[in-house]
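Residue numbers (our numbering), protein chains in the order written: chain A, 577 to 801; chain B, 1041 to 1840; chain C, 99 to 472.
The set of hints was computed from the structure by calculation and includes no laboratory data. Incorrect hints may appear among the rest.
Said to hold, decoys possible - One side of the interface only, derived from the structure: several residues of chain A facing chain B at Cβ under 10 Å: (1) Cys632; (2) Ala639; (3) Trp663; (4) Gln669; (5) Ile671; (6) Asn679; (7) Leu680; (8) Met681; (9) Leu692; (10) Arg695; (11) Leu716; (12) Met740.
Beta carbons: idealized from backbone N, C-alpha and C, even for Gly.
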Amino acid sequence: MTEPLLKVRGLCKHFASAGQTVNVLSGLELTLAPGESLALMGRSGSGKSTLLNILCGLERPDAGSVGIAGEHFAADSNANGQNQQRWAMLRRQRIGVVFQEANLMPALSLLDNVRLRARLAGQRDKHCGDWLTRLGIGELAQRYPDQVSGGQRQRAALAMVFAMRPSLILADEPTGSLDARTALEVADELFHQQAASGCALILATHDSALAARCGQRLDLAQLGA
Amino acid sequence: MFLLPASQFLNLFSALFSHYRRHPLQLLALALMIMLSTMLWTGVNYLTTQARASLGQSEQAVAARSQLERVDGQALTVADFVTLRRAGLCVMPWLEVERPGQAGRLVGIDPLAAGCFAQTAPAVGNNSPEPEESPATSKKPEPAWAPALNGEPFVDISEAAALAQNVAPRNVSLSLLIVPPEPASALPADYRMKGFSLGPDTGELGDSFLLNLDALGFLVLLITALLLRSVYQLGMAQRRDSFALLHRFGVIPSAINRVLLVEILLLALLSVVPGVWLGRLLAGTVSGGFGQALDSLFDTPLYAGQSENWLTPTVTMMAIVLVVCLAQNVRALLLRMAAGLPFALPAKLLTGFGLRPWPWLALPLAAVGLAMALLAQSLPLVFFAVALVFAATGIAAPFAIAALSASLARKTREPLARWRHTELGVMARRLALPLVALQFALAMVLAVQALVTVFEATFDEWLGQRLAADYFIEVPAGASANAAAQWLAAQPELAQRGDWHQVVRGVAQVPSADSQAKTVDLFALGPVSPLLTMWSLQAAGDQPWQGFAAGEGVMVNEQLARRYPLAVGDSLALTLADTRLELPVLAIYADYGRPAGEVLINLDLLPAGYVPEFESFSISPGASDIELITDDLQRLWQVDSVRVRDNKRIRELADAVFDQTFLLTRAMTFVTLVLAAVALLIMGWVFFSTRAWYFRLLQVWGLTRRQVLAQLGRLALTLTLSITLLALPLGVWLTWVLVHRINPLAFGWSLPMAIYPGFWLQLGVVSVLVGLSITLLMRSQLGGSGPKPVSAASLQGDER
Amino acid sequence: MIKIQNGPIDFFQKAATLILLSVSVLLAGCSQEQDPGGFAGLAQAVGSGQSEAFLQPGPGDRLRFPDDWGQHPQHRIEWWYLTANLKTADGEPVGVQWTQFRQAIESRTAATMPPVAEQWPLQAAWMAHAAVSLEGEHRFAEKFARGDIGQAGAVASPLDVWLDDWELTQQPDGALRLQVNTPEWGYDLLLRIQGEPVAHGNQGFSAKSASGEGSMYFSLVDIAISGELTRKGETQTVTGRGWFDREWSSQFLKTGQQGWDWFALHLDSGDKVMAFQLRQQDGGFLSGTWIPESGEPVALSPEALSLTPLGFSGATPNLWRLQIPQYQVDVNVAAPAGSYMNNGLYPYWESPVNVSGSHSGEGYMELTGYRGSP
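My request is simple: use the sequences and hints to build the entire structure.
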């Protein structure tokens, strides 16, 4: 086992809801090495998205620490502003995020979306078209998001993520709004490219078949309070 | 109700309205916009109406009055009043007492005698054929002057007479105002009529000002409509999902439309009424000072109180709201009708020949409008041209910004810049209506500012010319003006330190094209004093006043020069009481709106037999005492009193009223601008909220919150600044049209046009503020947990 | 008396109020329940020191001729009042009214010299009303003037009462000439007086309430009238008979009195009747004078007559029943169709009437203080 890419220790997060405190995460421990994949399972509201948000720095945990790609973040750290900067740099260059939908800027063509994402990550423009081709939508490069199907949009979203050459991909139900067949195709692409690029993957999903394709599996419903 | 069972209607209504339950802010924004727009338009409309009524009354009360004088030149007394009243004439006494020191002038009148001054039926009630007089309709014949007796200087004439006993006789004068009798022969031979005026007659300058106020009111209405439409459209766009859902549940679109109609009716009613109330409150607050200024200028309350008119603004605004909000349905209806026609043109026109909506129309509209504004010879056509150009600009501006941003996006290789440019294009199209409204408001504010400044300067010069001398002394009937002139010339003090000239007014004949002599006003002056040489001349030869003093030529006013046409150096043939003169035109002087042609000649050129209509002296006494001068003139003329007018005081009062009026106009345009800015702010905010996900996406992609905000700020500022830039040419053009086209067509004279770039800068600051405010409002939305992405279903074409 | 301190509107309101007050007093009618302040104000004015200088008529007062034809500067209010039932050459009935009122603002004894005209004094305000009723049409005009400058006034002998160019003046032969002109209509009538003045009430003192307030009041009840009526640019000859009232007082209406109904009737039997009632919530005060064709006039006590409204034009009763059992009078008094409101500063009803029932005849009726007039 290589040096872990992700190391989560004692992670806690709670929400106040209807006057009650709901602990969605309590003392979560997690380690992930490069090239590994992890399926996050759990009912809606079990904290899958929250965990993903914490893992890319968009939300702050109440307690615990996250170590990622050599950077270490502690919940009790006072250096919030600095942390924000470090998280932003990580998201820019090392962490790719794929949502269920609306991953693209509607005013830009698919290619321009990929280029924007790649450029932010400090990558060259010239491979962007290749990524679209690799994901099977090379001929749609000049189309706008509203001019292609949902499956094609998700392929473009994957192209964007891989174009940035990430160390870690956080995917939140990336096939959730697609029909079964398209979902399967998109999932195939995801796993295929992940394996090829050697990055780590955390995949939040309801779909146990999809989860089964990941190396590890974490059921938040069992962890939750 | 509307062919739906009531219960079903209510169900549908609550289903549709549930959107607003979930988004109360949207409902609030719509209601607020309707209310604010109503308030604005009601306020502007109310003020315009009031200004019109006030100026109208001022002309009636001040200009269109007649007074009597005795043919034998003696001062009028109470006995004259009684004689004339008992002869059946409608006469009213007017006793002016100039109190010493700060107390000022006081006017005593007899309200009991004023009844016959009622305009329509002088104190005559006619209640014959209609049988049932309800208490509300039984009208009392109110004396016309009754409402006018409302200002500090008016007291009962008995009190004025009592005060007059403690004042030097020359400071007391009794005038008898008269309603000209019909036939004129009913006037006893011992008396004759002459004009009675209390202050400067604003005449056509005032009319012109009002016309421009009207144009302003119309523009405000237009802007209001645009703002409403934009807010409503936004709401509809956000509810498209629920409509689609209802449609899937089997509700037919026409049923939804009916419910929406009821909804907008209710909302309009609920918002229009408080809007009207607020508008009146606003107008009332600003207009108090306006009325006071008018009152103090003319010494008569000219500020017309308005009857409680709620209906006009309410109905107008309801109509605007309905038309604006239901325009889509109207268009759909028209399309259905057009589809039934055997030829396709109307339908094609309505759909813009299938092109992207409307931009193709802008060019021909603008071309026609500009050409028409330049060439049209009638006022309605020019107004129509203005409408065309505004329409063209309104259509073109958002697309111009969008096109510009698209071209910029194409040129740049930097993906983030490209994103920003394309995003700007989306905004320009999505915010088209509020943007256009802001553009119109900016253009209007700019034009009104320039116009008001020009008017101010013109009024100022006009007053300067009319009131150059400190005092103005009327020559009484039968008195010799020449004797007085000789006496004045012989005063060493006056010659050294003061200025004076004699004024004779009358008529002269000039030959005209159709060989019939035309009558023009004659204005004879002499000797030439510095009071004259300070006049502003529009065109002049070398040393015109020297030539004038030597009797080598005449001067004509702008109006005469324009009509004739005459230029400096042309020769003008004049007939004065059978004497024919042929003299070159030495100069053309500005007339500031005086519609009559006028010739200015040296007094020495007047033939002996010339009968003047009016004679007076303009005197700046310098170190001399005007009271001593008037005393001496009184002795010289052997009259009881001499009418002296203190021009400085009139000048002060006139300045006060114009300042107030202009301040008011500026305030109104400023409120319009603020409303347009607030509308853009609301719209911008709502719009950015719908785009919040994408700004969040930028954050996910590794931009810090600060960087995202910077992008957002750049976008918002580019948008507001570019619309301001686009408003500038429109505003300048509008100024030009108002000054050089509308005014000459309406009144036959033109104002100078000026441009005030300093003011453009101020507008720029306003647009920057709007942009910054949008950014600040968005700041809160970018914080905290992320916004939900928009659903895929709404990912339609207008997202980009 | 009038202190002008708050500018002319204030002044004008005061002037208008004065005129209003004068009319309301003169016509003894003002439905003041809606506005108790206004009426209470009146009552206070009576009680205050200001009215002390005014003379109050009382039962002991006597008429003096010819002085009483002229003005009474020490009384607050007075009027000269002509109503006439005329006919055109075609037999079309014509009603004519002319009234001139004086309202004192300051009291002055008859011996005191009036103030000089040059001071535009305002010790008294004058008001003149004129109306013509013909062919269902009622036309009305009014004029105002201040006293003591010559614009309006009244002189006893030879009689001259004028305001502007409206004038009632005695001719050398003793007849009276009445001239009224408005832009739309006018009349010029010659009045030949027959018989002596009739003193109402107690030798001219006419009580206006049970507690003794009242006015001095006499009438000329038999006047032959001929003259010209100008209307719509056409002049017609008119003839008929008239009734002339002179009345003066310093008394304002008592609290609770709402208005009044006044009748002057020429019965075809040759007898004549004057009757009035001052309305108040608990009934009212009735009075009148029976003037037989021959013999002395008889004052009618409140119990001797009754007045009952039978029909209405809007809120105004235009059909009345008058009963005087003592003289077997039981008649209906009816105004012709139409509205006869004098819509001046103070609206009231003034119409010719027809008499039917136990007696027939004609006359005039004046009604004040009904809803529809202040």
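Verification of the hints:
1. Checking A/Cys632 against chain B by beta carbon gives a least distance of about 7 Å; that is within 10 Å, so the hint holds.
2. The restraint placing A/Ala639 at the interface with chain B is violated, with a minimum CB-CB distance near 18 Å, outside the 10 Å limit.
3. Among the interface hints, the one on A/Trp663 holds; its C-beta lies about 9 Å from the nearest C-beta in chain B, closer than the 10 Å criterion.
4. At its closest, the beta carbon of A/Gln669 sits 7 Å from a beta carbon of chain B; the interface hint therefore holds under the 10 Å criterion.
5. Interface hint status for A/Ile671: upheld, as the beta-carbon distance to the closest one in chain B is roughly 8 Å, under 10 Å.
6. Satisfaction of the interface hint for A/Asn679 is found here, the shortest Cβ-Cβ separation to chain B being roughly 7 Å, below the 10 Å cut-off.
7. The beta carbon of A/Leu680 comes within 8 Å of a beta carbon in chain B, closer than 10 Å, and the hint placing it at the interface holds.
8. At a threshold of 10 Å, the smallest CB-CB gap from A/Met681 to chain B is about 6 Å, leaving the interface hint in force.
9. Interface hint status for A/Leu692: upheld, as the beta-carbon distance to the closest one in chain B is roughly 4 Å, under 10 Å.
10. Look at A/Arg695: its Cβ gets to within about 5 Å of chain B, closer than 10 Å, so that hint holds up.
11. For A/Leu716, the interface hint is violated, the least distance from its beta-carbon to any beta-carbon of chain B being 15 Å, above 10 Å.
12. For A/Met740, the suggested interface contact is upheld, since its CB lies about 8 Å from the closest CB of chain B, less than 10 Å.
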